[in-house]
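Modelling step: build the complete structure from the supplied sequences, incorporating the hints.
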Amino acid sequence: MDSEPDRKGPVLFYTKAVIDHFMNPRNTGELAEQDTDGFGMAGDPECGDQLKLWIKVHGGRIEKISFKSFGCPGAIATSSMLTALATGKTTEEARSITDDDVIEALGGIPENKKHCSLLGVRALQSAINDREARIREG
Amino acid sequence: MIYLDNNATTPLHPRVLDSMMPFLRDCWANPSSPYRFGHQARDAMEKARERIAKRVGCKTTELVFCSSGTESDNIAIRGVAHALSSKGGHIITSTIEHPAVLDTCKALERDGFRITRLPVNRDGLVDVAMLEASLCNETILVSVMHANNETGAIQPIEKIAAITKKRGILFHTDAVQSTGKLPLHFDGLGADLITFSGHKLHGPKGIAALFVRTGTPLAPVISGGGQERGLRAGTEHVAGIAGLAEAVDMAFEEQEPENRRIGLLRDRLEKQITASIKDTRINAVHAPRIPNTSNICFHGIDGESVVLGLDVLDICASTGSACSTGDPEPSHVLLAMGLSRREAQGAVRFSLGRDTKEDDVNTVVQALSGIVSRLRSISSL
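Going down the list, the protein sequences come from chains W and F. Counting along the first sequence from 1, when you hit position 138 you're at 138 in our numbering, and nothing is skipped either side. Counting along the second sequence from 1, when you hit position 148 you're at 148 in our numbering, and nothing is skipped either side.
Hints are computed from structural coordinates only; laboratory data are not their basis. Careful: at least some of the hints might be erroneous.
Footprint (simulated), chain F over chain W, 3 or more residues, beta carbon under 8 Å [stated by the list, open to error]:
1) 25 to 38
2) 48 to 55
3) 59 to 70
Idealized CB from N, CA, C, for every residue including glycine.
Shown next, in the form of structure tokens:
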């Protein structure tokens, strides 16, 4: 889907799905403290994009997920798509989402933007690790 | 569409297109050909050269036509380096040059030349005292741009020219962004080599020129049929040269009122942006600037995201130079001015032009305040 770029406007460079997730990012904002089972962060704002990501897990599945991003269109769109893909998945399933999965779901992103998609995947893995650490620590 | 990226390129003016058509359609001969048909093309080219020389204030024999500002920079810098390598191997440039100059110097550095890159102050102006202190017996060339393409800051090139002249060192300036926007007189400017390009002043792409002051030693970079007094071989782009003459004429005819109008619109744009959007920074605001350029940082968000948000609304602006778009590195110009990477990442360049209207400014400001607040609401900073 959406892999054929439209011959009009910015979709010449980005797919329609990328523009959609950039213009209307899903699952943005912070989760409240009491809703947060895990928090993850990726990137360094001093040398590029930064992503913060929160998850709430219920019955072993990701019930709520949200993100905030200081980043380029690629970082915003891939983070948004990642949260859409992870919603409802078990933490194990969510952990196995790769940057290629995110890029494929967006119908591709320009070559020089591919590194952006790693941010979301890393932040989600770190949020899942954080949740496990919280459980271990009780 | 609202086009605020005139420092990247400008639309071809219909008057310029008309001036080019005869040389594409009818008078298409090779200017070097020995028959009358060829002479017609040569005559047209030399008339165009005369018109340009008269406008910019130089001799006809001091203009070398070539294909782009980048090529013109290369002819100047490599040309001097190779002509004078036996006299010395030191070249001075600045940290804020266009990649055409920076990367050419880098290539020469790999060939053994020593390159000094002058720093700039917080307003993006080259440090002249540092320039003076960097000169040595080995220095063969100074290359400092006239107006910066990203911030519009006008460099103190008259001062630099006075220093290099006194020391007998050659001086090249890339005036691609200032030709047509400032009342330039090449001979009076004092530089020995000046680069300018057609498509930045509503001329066609594919034509540019280098002013070479009489007596300046220059080794040819492109060899072949000996065109352009041996300094740039290759069959001349007659239609482009005719178009360049028309574009230069037009720019110089309408320069004063047009620049005043554009300057007022630029100031209005900046005033409205700073009034309606918090936490912005206008770069090089205290420097003398060409009147069409505004470079603004929106704190906490990424400039490329602002540019895409504008693109969706059919507004064209850019982050810094078009040549480095897609590069994840923030602008080398803003970093050289002392901005942090985080600050520099939020920069957007608006470059107005002769088609910019007052209404465009209002539309852009309104679009920007929506985009910036949306991006800030999801920013992790």
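- Message: Of all the hints numbered above, which does this structure not satisfy? Sort the numbers upward.
- Response: none
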